[in-house]
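Protein chains in written order, with our numbering: chain A, 1 to 109; chain B, 110 to 224.
To be clear, the hints were calculated from the coordinates, so they are not data collected in a lab. C-beta: ideal position from N, C-alpha, C; glycine also. A portion of the hints provided could be inaccurate.
[To be verified] Restraint ranges, calculated between C-beta atoms of paired labels, are given here:
no., chain 1, residue 1, chain 2, residue 2, range
1, B, 150, A, 66, 38 to 46 Å
2, B, 164, A, 66, 25 to 33 Å
3, B, 163, A, 109, 33 to 41 Å
4, A, 27, B, 137, 46 to 54 Å
5, B, 164, A, 27, 15 to 23 Å
6, A, 52, B, 191, 22 to 30 Å
7, A, 39, B, 167, 24 to 32 Å
8, A, 41, B, 174, 22 to 30 Å
9, B, 117, A, 65, 42 to 50 Å
10, B, 112, A, 54, 39 to 47 Å
11, B, 181, A, 13, 39 to 47 Å
12, A, 23, B, 123, 38 to 46 Å
[Unchecked claim] With a straight-line cut-off of 20 Å between C-alpha atoms, the simulated SDA-like cross-links for lysine to any residue are:
no., chain 1, residue 1, chain 2, residue 2
13, B, 149, A, 17
14, B, 131, B, 196
15, B, 149, A, 7
16, B, 150, A, 36
17, B, 150, A, 41
18, B, 147, B, 173
19, B, 118, A, 41
20, B, 147, A, 68
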Amino acid sequence: GQSLEQPSEVTAVEGAIVQINCTYQTSGFYGLSWYQQHDGGAPTFLSYNALDGLEETGRFSSFLSRSDSYGYLLLQELQMKDSASYFCAVRSRGQNFVFGPGTRLSVLP
Amino acid sequence: DTEVTQTPKHLVMGMTNKKSLKCEQHMGHRAMYWYKQKAKKPPELMFVYSYEKLSINESVPSRFSPECPNSSLLNLHLHALQPEDSALYLCASSPGRDTATYEQYFGPGTRLTVT
Numbered sequence: 001g002q003s004l005e006q007p008s009e010v011t012a013v014e015g016a017i018v019q020i021n022c023t024y025q026t027s028g029f030y031g032l033s034w035y036q037q038h039d040g041g042a043p044t045f046l047s048y049n050a051l052d053g054l055e056e057t058g059r060f061s062s063f064l065s066r067s068d069s070y071g072y073l074l075l076q077e078l079q080m081k082d083s084a085s086y087f088c089a090v091r092s093r094g095q096n097f098v099f100g101p102g103t104r105l106s107v108l109p
Numbered sequence: 110d111t112e113v114t115q116t117p118k119h120l121v122m123g124m125t126n127k128k129s130l131k132c133e134q135h136m137g138h139r140a141m142y143w144y145k146q147k148a149k150k151p152p153e154l155m156f157v158y159s160y161e162k163l164s165i166n167e168s169v170p171s172r173f174s175p176e177c178p179n180s181s182l183l184n185l186h187l188h189a190l191q192p193e194d195s196a197l198y199l200c201a202s203s204p205g206r207d208t209a210t211y212e213q214y215f216g217p218g219t220r221l222t223v224t
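When you get a sec, could you build the whole thing from the sequences and use the hints?
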């Protein structure tokens with residue numbers, strides 16, 4: 001089967017940098033994704049890593065180490081609007097798309 | 110247009126009612142998904158349609174019945190639900206099942222309350 005772990009909560013101040021970690025266990029591996037979900041809203045796609053290394057998209061970056069079954073989402077220059085839940089997700093061969101438990105990020109002024 | 114629409118936004122139904130949730134996308138995507146999300150929990154996959162055929166049913170109770178009338182539409186028929194089925198029901202689509210990992214678009218969801 002598949003299992004993912006994330007910290008349940010992270011708090012940071014505006015302008016800071018925060019890292020949200022994700023570890024996973026899966027048989028076969030097609031990549032690690034990150035989604036953002038504001039309260040009452042739909043999940044929106046942020047970033048995806050199929051290969052080891054860092055992917056950068058504006059203020060957001062995502063990293064993957066397949067040998068460690070580990071990835072993280074890095075958010076820079078935090079803004080109040082970044083307060084949301086962040087989910088990592090994986091799909092592996094023959095398996096379904098599974099979300100991690102989610103990390104609630106609170107950005108303080 | 111990268112929009113997935115869902116109707117209704119809110120639905121309250123009794124345990125003996127029959128209702129349907131609707132989802133529509135016009136991005137030409139060939140994979141569509143239903144998820145269930147409880148408060149403060151991640152979305153849980155229920156069904157996957159690929160090229161209008163049901164390809165995954167995650168052991169969902171038969172009181173939930175999906176239907177894909179065409180490549181743009183996805184329905185979820187509800188019958189004899191239980192109060193614990195109250196949740197946010199999300200529809201999503203992706204160009205194909207293989208691109209679900211990095212190109213999955215979600216609708217705003219239907220907030221369902223079963224009384």
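Against the structure, the hints:
no. : hint                      : result
1   : B/150 - A/66: 38 to 46 Å  : 27 Å, violated
2   : B/164 - A/66: 25 to 33 Å  : 26 Å, holds
3   : B/163 - A/109: 33 to 41 Å : 48 Å, violated
4   : A/27 - B/137: 46 to 54 Å  : 32 Å, violated
5   : B/164 - A/27: 15 to 23 Å  : 19 Å, holds
6   : A/52 - B/191: 22 to 30 Å  : 45 Å, violated
7   : A/39 - B/167: 24 to 32 Å  : 25 Å, holds
8   : A/41 - B/174: 22 to 30 Å  : 27 Å, holds
9   : B/117 - A/65: 42 to 50 Å  : 43 Å, holds
10  : B/112 - A/54: 39 to 47 Å  : 30 Å, violated
11  : B/181 - A/13: 39 to 47 Å  : 44 Å, holds
12  : A/23 - B/123: 38 to 46 Å  : 43 Å, holds
13  : B/149 - A/17              : 24 Å, violated
14  : B/131 - B/196             : 15 Å, holds
15  : B/149 - A/7               : 13 Å, holds
16  : B/150 - A/36              : 13 Å, holds
17  : B/150 - A/41              : 13 Å, holds
18  : B/147 - B/173             : 16 Å, holds
19  : B/118 - A/41              : 11 Å, holds
20  : B/147 - A/68              : 30 Å, violated
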